Amino acid sequence: MEFTNNFVLEAISREFPESVLATSETYGMISIEIKKGDLKKVVHHMKDSTLGFTFLTDLCGIHHPEMPEKELGVIYHLHNLVENRRIRLKTFMPKENAEVDTLTDLFAAANWMERETFDFYGIKFKGHPDLRVILNDPEMGYHPMLKEYPLEDGTRLDKDDTMFGR
Amino acid sequence: MKDNALSNILNQYDAQEQIDGQLYTLNFGPTHPATHGIFQNILTMDGEKILHSEQTVGYIHRAFEKISERRNFTQITTLTDRMNYCSSPINNLGWHMTVEKLIGVTVPKRVDYMRVIMMELARIADHLVCNAVTGVDTGALTGFTYLFQDREKIYDMYEQVCGARLTTNMGRIGGFERDLNPKFHELLQDFLKTFPKRFTDFCNLLERNRIFMDRTIGAGGISAERALNYGFTGPNLRAAGVDYDVRVSEPYSSYQDFDFNIPVGTAGDTYDRFMVRQQEIWESLKIIDQAYKNLPEGPFHADVPDFYLPEKADVYNNMEALIYHFKIVMGETEVPKGEVYHAVEGGNGELGFYLVSDGGRTPYRLHFRRPCFIYYQAFPEMITGSVISDAVVTLSSLNVIAGELDA
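In the order they appear, the protein sequences are chains A and B. Going left to right, the first sequence walks through residues 2 to 167 as the working numbering numbers them. Going left to right, the second sequence walks through residues 62 to 468 as the working numbering numbers them.
Source of the hints: derived by calculation from the structure; they are not laboratory data. Only a predicted model underlies this, so the values are computations on that prediction, with no experimental measurement involved. Just to be clear, a hint being listed does not mean it is correct.
[Stated by the list, open to error] EDC-like cross-link-like pairs, simulated, lysine to aspartate or glutamate; straight-line CA separation at most 16 Å:
1. B:LYS127 / A:GLU149
2. A:LYS48 / A:GLU84
3. A:LYS125 / A:GLU100
4. A:LYS37 / A:ASP102
5. B:LYS214 / B:ASP251
6. B:LYS162 / B:ASP367
7. B:LYS398 / A:GLU16
8. A:LYS125 / A:GLU84
9. A:LYS148 / B:GLU130
10. A:LYS71 / A:ASP106
11. B:LYS110 / B:ASP419
12. B:LYS162 / A:GLU26
13. A:LYS42 / A:GLU97
14. B:LYS254 / B:GLU220
15. A:LYS48 / B:GLU286
16. A:LYS148 / B:ASP419
17. A:LYS127 / A:GLU100
18. A:LYS36 / A:GLU16
19. A:LYS37 / A:GLU84
20. B:LYS127 / A:GLU153
21. A:LYS36 / A:GLU70
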């Protein structure tokens, strides 16, 4: 059986029919939306079964304020190095009580990436051994990548900087 | 802040009264000359032996991911070259390729080959710095002083291509802003002629040097399994024996046209990392040689009027060019909706760009997969139980670049 995107997709939906909420394929990579509570189970299966996604490439957060009950998301990129196929997993959660299982016991690489996601978005990772902010000041007290903290608008008119002609 | 592992160690030592009072804390960094960047290692030491270490990073965090949510696609290029500033062109061109993948542009073959030449020059510069500095940290300053002259020559070539040396902002979305000029050809030919000889001298100086080998063999080793678990990529992973290279596994920018080898090590220690980088410099030279010999004729940029600035003469005489010029400069180009992950082989490993676009003028979310940030977590595991001088050479051979660490 050839290790195609469809093969991976079928294998996962067969094993976890309840957990897969949505799938899509963009630019040659499939994305699977997983139910939040089942994420760790799915990743564990993908790592230890014959699917062989043994490499955690990337882990990052995202904020969609316009999606009710799904404002915050965590996006995982896994890689099967032998078959050379990547896959993207997503999970979404409401902003209140944003919490998802940690992957640190499966991938040591997840440690700092989860700390970074916590730092940027305030997403808590249940079971993380050392969940502190990592890049920002620990005493800052807010999570700056959330969309409610906009950067300055480059086109605003009330700024008096005629000298610089902006 | 003392975590459990540390208090366990301390408790154990309190029980052993004969060595009570020998433990001390050493701050290695943030501005220690041997960290080669701004990050802190708090080491708990017993004599020269490291019992525990804790890392503090984020001293030069500049919130690039947040800033990019307010910048148009052209302006983000300048942010990327401040990540791994030892090989800025790879970051720049990797970002351009990500955007091209999103908007679906195919660039001419000549652009691919020019990009390959620039990226391999950048890789050589990056590896030269790393290896020369590893030499310095073991006490061999000579190689460093020689190799920095060759790095200077590479920077002269950057200057001919984009006008800048360190933070290059090289290329444009769709290609290059100008074709290779005669001076560049002259410099590159000279470099290809003289560099192998000079680099051989450096190899002879260190590769079989007894003192250097004694200092580096067995220092800071990591197994292939642990390295994969820690998300290692690039030379550090290959030194542990895994032949993963993005240039081969997912060829971008016509890397499939070139014939080159992927050097791998066995032990994953400092010496293997050093040797893998040494061999990669030779392989990069081979690639540059092939790309330069077979450099195709043709345009040096793709036809993407939405992103590529028109000729200045056209802007003054052609209505359409004026409109495009205005839209690009004011950042009013809308991009298609979509999400894309694109990875290039950076100086330190897989440099990934995860870009989510909601169809606006800026990225909705842009995440940089920075190899340094991911593999630096393994540093405590690699140095615990060894001596401080091993930690220094391990750190320099890992090539942790603070700009990439913190983004």
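These are the hints, each one checked on the structure:
1. B:LYS127 / A:GLU149: Holds, because 12 Å separates the two Cα atoms, which is no more than 16 Å.
2. A:LYS48 / A:GLU84: 13 Å, holds
3. A:LYS125 / A:GLU100: Distance of about 5 Å is within 16 Å: holds.
4. A:LYS37 / A:ASP102: 8 Å, holds
5. B:LYS214 / B:ASP251: Given that 16 Å is the threshold and the Cα spacing comes to 9 Å, the pair holds.
6. B:LYS162 / B:ASP367: 15 Å, holds
7. B:LYS398 / A:GLU16: Violated, because 31 Å separates the two Cα atoms, which is more than 16 Å.
8. A:LYS125 / A:GLU84: Given pair A:LYS125, A:GLU84 is violated - Cα atoms ~33 Å apart, limit 16 Å.
9. A:LYS148 / B:GLU130: 10 Å, holds
10. A:LYS71 / A:ASP106: 26 Å, violated
11. B:LYS110 / B:ASP419: 52 Å, violated
12. B:LYS162 / A:GLU26: Measuring from Cα to Cα gives roughly 15 Å; hence the hint holds.
13. A:LYS42 / A:GLU97: Not satisfied, since the Cα-Cα distance of roughly 23 Å exceeds 16 Å.
14. B:LYS254 / B:GLU220: 20 Å, violated
15. A:LYS48 / B:GLU286: 13 Å, holds
16. A:LYS148 / B:ASP419: 14 Å, holds
17. A:LYS127 / A:GLU100: 6 Å, holds
18. A:LYS36 / A:GLU16: 14 Å, holds
19. A:LYS37 / A:GLU84: Violated - the C-alpha atoms of A:GLU84 and A:LYS37 are around 27 Å apart, more than 16 Å.
20. B:LYS127 / A:GLU153: 11 Å, holds
21. A:LYS36 / A:GLU70: 13 Å, holds
Hint compliance for this structure: hints 7, 8, 10, 11, 13, 14, 19 are not met, and every other hint is.
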